[in-house]
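Based on the hints, put chain B in the right spot on chain A.
2 protein chains.
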Amino acid sequence: MAKQNIYDNETFFTEYSKLREREVNANNLFELPTLFRMLPELQGKTVLDLGCGTGERCIDYLDRGAVEVTGVDISEKMLNVARSKNSDPRITYLNMPMEDIGAIDRRFDVVISSLALHYVEDFPGVVKNVFKLLNEDGIFLFSQEHPLATCHSGTGDRWTRDENGIKLYANIANYCVEGQKDSTWFVEGVLRYHRMFSTIVNTLTDNGFTILRMEEPYPTDEIIRKYPEYYDNYHKPDFLFVKAAK
Amino acid sequence: MAKQNIYDNETFFTEYSKLREREVNANNLFELPTLFRMLPELQGKTVLDLGCGTGERCIDYLDRGAVEVTGVDISEKMLNVARSKNSDPRITYLNMPMEDIGAIDRRFDVVISSLALHYVEDFPGVVKNVFKLLNEDGIFLFSQEHPLATCHSGTGDRWTRDENGIKLYANIANYCVEGQKDSTWFVEGVLRYHRMFSTIVNTLTDNGFTILRMEEPYPTDEIIRKYPEYYDNYHKPDFLFVKAAK
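Top to bottom, those sequences are chains A and B. Quick note: the first sequence uses our numbering, first residue 1, plus one each step. Quick note: the second sequence uses our numbering, first residue 1, plus one each step.
Check before you lean on any hint, since a few could be wrong.
You can't tell identical chains apart in this list, so a pair holds if it fits in one copy or across any two.
What the hints assert, rightly or not - No farther apart than 30 Å at their CA atoms in a straight line, the calculated lysine-lysine pairs in the DSSO-like style are these:
id : residue 1 : residue 2
1  : K128      : K246
2  : K181      : K226
3  : K181      : K45
4  : K246      : K132
5  : K85       : K181
6  : K77       : K243
7  : K85       : K243
If you are wondering where the hints come from, they were derived from the structure by calculation, not from laboratory data. This structure is a prediction, so every number in the text was calculated from the model and none was measured.
Chain A on its own, in the form it takes in the complex (with noise of 0.2 Å):
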C-alpha cells in the first residue's frame, strides 16, 4: 500500500510550517488541549510517537515524566528540524513509515500519535503493530482528523454559508463510502483516507484494543468571544481522539 510523504514536499513543508508558527490555529485551540487533557500518566513510562515531526510533543512528553522517548517520522526534513530544535539524549528519532513499525524490537508503555493516521491507508495493520509495541495495559492515544471532515467527497464546497460568509453548516456527501480522498491542502493530491466512526472503533476493538474515551473537541465559550471564526467547529468538528487500552 501506498505510505504518504508529503511533508518532504518543500512547497507543503515550507507553507505547513508558517501555519503551525501563527500563534492561533485549530491545533493550539483544540487538538493540542484536549491530547494534553488525555494523556495517560507518562512518570516513568516510556513512550512511543508516532509522526512525530518537528519533535515538539516528544519534549512535552520527557516534561511530563516519560524516562524515553522514540519518535517515528516519515519525513526526513521534520526529523532533521527535529534533531537540531528538539533533541534530547533521551529521546530517539527514527525515519520511517509507520506502517513498517513492526520492525522495531522493543516494546513501550504507552504509544501516542497526533494528527498523522488520516494519512495512512492500512489502519489495520498500523493498529496490530501498535497492539504488538504495547506492554500489558499499554495505552494507545491517538488523534485524527474527525470522520466529518476526511469524508467530503467534493461535490461542492465543503461549507454552505450565508450572504455575509458565515458557515451555516457543512456539506456531507459519502459519509459512507471509505478509502482515499483526494485533497488540496497547500499542495495538491494530499491524500487522506476516510473511515466512518464505526470502523475506527472495530478495527481497536477487533485487534485487541479496550476504548476507554473518545473526544471531539469543539470550541469553549471564552474561544468563541475571542475567535467567533471558530463557531464553525460546533457544526463540524476538526479532530477526533480515542484513548485505546490494551
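Just chain B now, with coordinates in the frame of chain A:
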C-alpha cells in the same frame, strides 16, 4: 426529566403504524438485518427489550432461543397491540418509561433496544440501570437514530438537492450542540435527544461497559439497484448500533 410518550398520540400512532406496515422502509432494509446480525447468542438467555413497542422483536428473540423476554414500553397503545398480536407465555410486557427500569427487581443476560434511546433525555441514567440489570458478562445491544440524523438544527433543509431533486449532500449544523431537538414526524414536537458519538461511547465506558462493536449500516449494491432513492444513506446513515459488554 421529561419522559416522552409520543406513541400514545393518536395521529402519530396511526401514521407510524402505516409506515411500519410498508414492506420497503429503512427499518426493514437496514435496521432490522443489522440488529439480527449483531444479536449475541440468545439460546437459553433471558432478554429485556427496551422500547419493545408492538412486540415483534420479543417474538423474534424467543424464535432465536431466548427462554424469557421482558418487553418494556412507555406506550400503553403499543403494548395493547403487543399483547394481542405478539403474546406468549414466555413474554412479559411492562408499561413503564425506560427511565424507570431501575425498579425491575431481577437481572437479564441480554438487554436490547431498537430505535428508542434517541427519545430518552436521561441516557446516562438508562445506561447505569442497564448495567445494574445485566448479569455478569451480559450484553447490551442498541440501535438509535444516527448522530448525523439527530443533530440537524433546523437552519434550512436537511438536504441540498440538485435540479432533479436528487440529494447531493446532507446539511449538517451544530453537531456539537447536544440535547433536545424538536422535529416534526407525523405530529409536531417529537422530541429527539442529540448526542455526539463520543458522548455515546463515553457514557458507556464511564459506566463500566466495554464497547464490542459499532455499526452504521448503509445500503448494499443490491439495495441501491432496487431502490436507488436509498443512496442518501451513503451520505448520512439513518442508524447507529452499539454492542457493549458488562
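Hints, verified against the model:
1. K128 to K246: Close inside one copy (11 Å) and across copies (25 Å); limit 30 Å.
2. K181 to K226: Intra 33 Å, inter 28 Å, cutoff 30 Å: inter-copy only.
3. K181 to K45: neither (36 Å within a copy, 45 Å between copies)
4. K246 to K132: Both ways: K246 and K132 sit 9 Å apart in one copy and 26 Å across, limit 30 Å.
5. K85 to K181: Result: close neither inside a copy nor across copies, 33 Å intra and 50 Å inter.
6. K77 to K243: The answer is within: 29 Å in one copy meets 30 Å, while 44 Å across copies does not.
7. K85 to K243: within (29 Å within a copy, 46 Å between copies)
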